[in-house]
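Asker: Just need the whole structure built from these sequences, with the hints factored in.
Chains as they are written, first to last, in the numbering used here: chain F, 2 to 161; chain Y, 2 to 161.
Honestly, I wouldn't trust all of these hints.
Same chains, same label: a pair holds when it works inside one copy or across any pair of copies.
[Unchecked claim] Straight-line Cα separation of at most 20 Å, PhoX-like style, residue types lysine-lysine; simulated pairs:
no.	residue 1	residue 2
1	Lys84	Lys130
2	Lys130	Lys109
3	Lys5	Lys84
4	Lys132	Lys84
5	Lys129	Lys84
6	Lys109	Lys132
7	Lys84	Lys29
8	Lys109	Lys5
9	Lys129	Lys109
10	Lys132	Lys5
11	Lys129	Lys5
I should point out that these hints are in silico values taken from the structure, not numbers from a laboratory.
Residues per chain are reported as follows:
Number of protein chains: 2
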Amino acid sequence: MVQKVECAIQDRYPDDFSWCYGCGRLNKEGHQFRTGWDGDQTVTYYMPEPDHKAIPGFVYGGIIASLVDCHGTGSASLALHRKNGFEPDNEELPPRFVTASLSVNYVKPTPEGTLLKAVGTVEEIHPKKFKVAVDVFADGDLCATGEVVAVVMPASFGAK
Amino acid sequence: MVQKVECAIQDRYPDDFSWCYGCGRLNKEGHQFRTGWDGDQTVTYYMPEPDHKAIPGFVYGGIIASLVDCHGTGSASLALHRKNGFEPDNEELPPRFVTASLSVNYVKPTPEGTLLKAVGTVEEIHPKKFKVAVDVFADGDLCATGEVVAVVMPASFGAK
Chain F
2 MVQKVECAIQ
12 DRYPDDFSWC
22 YGCGRLNKEG
32 HQFRTGWDGD
42 QTVTYYMPEP
52 DHKAIPGFVY
62 GGIIASLVDC
72 HGTGSASLAL
82 HRKNGFEPDN
92 EELPPRFVTA
102 SLSVNYVKPT
112 PEGTLLKAVG
122 TVEEIHPKKF
132 KVAVDVFADG
142 DLCATGEVVA
152 VVMPASFGAK
Chain Y
2 MVQKVECAIQ
12 DRYPDDFSWC
22 YGCGRLNKEG
32 HQFRTGWDGD
42 QTVTYYMPEP
52 DHKAIPGFVY
62 GGIIASLVDC
72 HGTGSASLAL
82 HRKNGFEPDN
92 EELPPRFVTA
102 SLSVNYVKPT
112 PEGTLLKAVG
122 TVEEIHPKKF
132 KVAVDVFADG
142 DLCATGEVVA
152 VVMPASFGAK
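Answerer: Rendered as structure tokens:
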């Protein structure tokens, strides 16, 4: 079973948009989540750091929420990019999304020291708005479910 | 205007429950959110680190989600503690909550370099379950709203 994303959409974000604490490849202090296709679903793998605990033995919910957040925006970007005829191994710049809303249900405590796998199912609800249902697994156990509504980043958002 | 929480509920959590990456006073790598009363509402102040960005100029949504999360559990703890007759400046150990669910609506981009203020309104929906509505302000501007459902931590959760 593949436990690594080969072609991540975040690898293709332009440098100016690659500083996200969650998924920016240039943010060395961040989580550097990487999201790719797994058939018609999307996947992000992440191993939490030892400090990322809620109480000893269990992962902090804010880390799970962060994983769901960036997995959601990355999945939306993958989906619109594919709709436009591109895959993340193309050189073409992908569309960049921001999170409109995020929700997480904590199904069971997430054990520490286990590779997490976020799996996304993307639905287009408007040409510029996508809904991503996210399941987070630890060693095959469903620990959290979430939903992200992601919208195409407004041009004004990155204006300097 | 007071911009600091004098008596935080997290200051009273027992050591074993003070390692949370969001609000554990013993987790030196974490955010160390501190939540206290402000009249009948609750408040947490937080200055994001420079790395905690989404894109340059704006705070990462996962940090906002983390703030909402711990502000929610801390507020629930404050509320049940007060119901039991105690305030966070008492020596009495407060009840500890875990997050059942978390939602965040990102109302507008949150500017970097600004002290964030989370304000909570707590509602008891069951003797062991509290709902906390959270508003997150940056310099007086409402940037995000959220909701946390927090439940009293099951005894099994901390079992070693």
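Asker: If a hint holds in the structure, say so; if it doesn't, say that too.
Answerer: Hint by hint, here is what the structure shows:
1. Lys84 to Lys130: within (13 Å within a copy, 43 Å between copies)
2. Lys130 to Lys109: The answer is between: 16 Å across copies meets 20 Å, while 30 Å in one copy does not.
3. Lys5 to Lys84: Cα proximity of Lys5 and Lys84: none, with 24 Å in one copy and 49 Å across.
4. Lys132 to Lys84: Answer is within; shortest intra-copy Cα gap is 15 Å, inter-copy 40 Å.
5. Lys129 to Lys84: within (12 Å within a copy, 47 Å between copies)
6. Lys109 to Lys132: between (23 Å within a copy, 19 Å between copies)
7. Lys84 to Lys29: neither (31 Å within a copy, 44 Å between copies)
8. Lys109 to Lys5: Result: close neither inside a copy nor across copies, 24 Å intra and 34 Å inter.
9. Lys129 to Lys109: Between copies only: 17 Å across chains, 33 Å inside a chain, cut-off 20 Å.
10. Lys132 to Lys5: Intra 24 Å, inter 38 Å, cutoff 20 Å: neither.
11. Lys129 to Lys5: neither (29 Å within a copy, 40 Å between copies)
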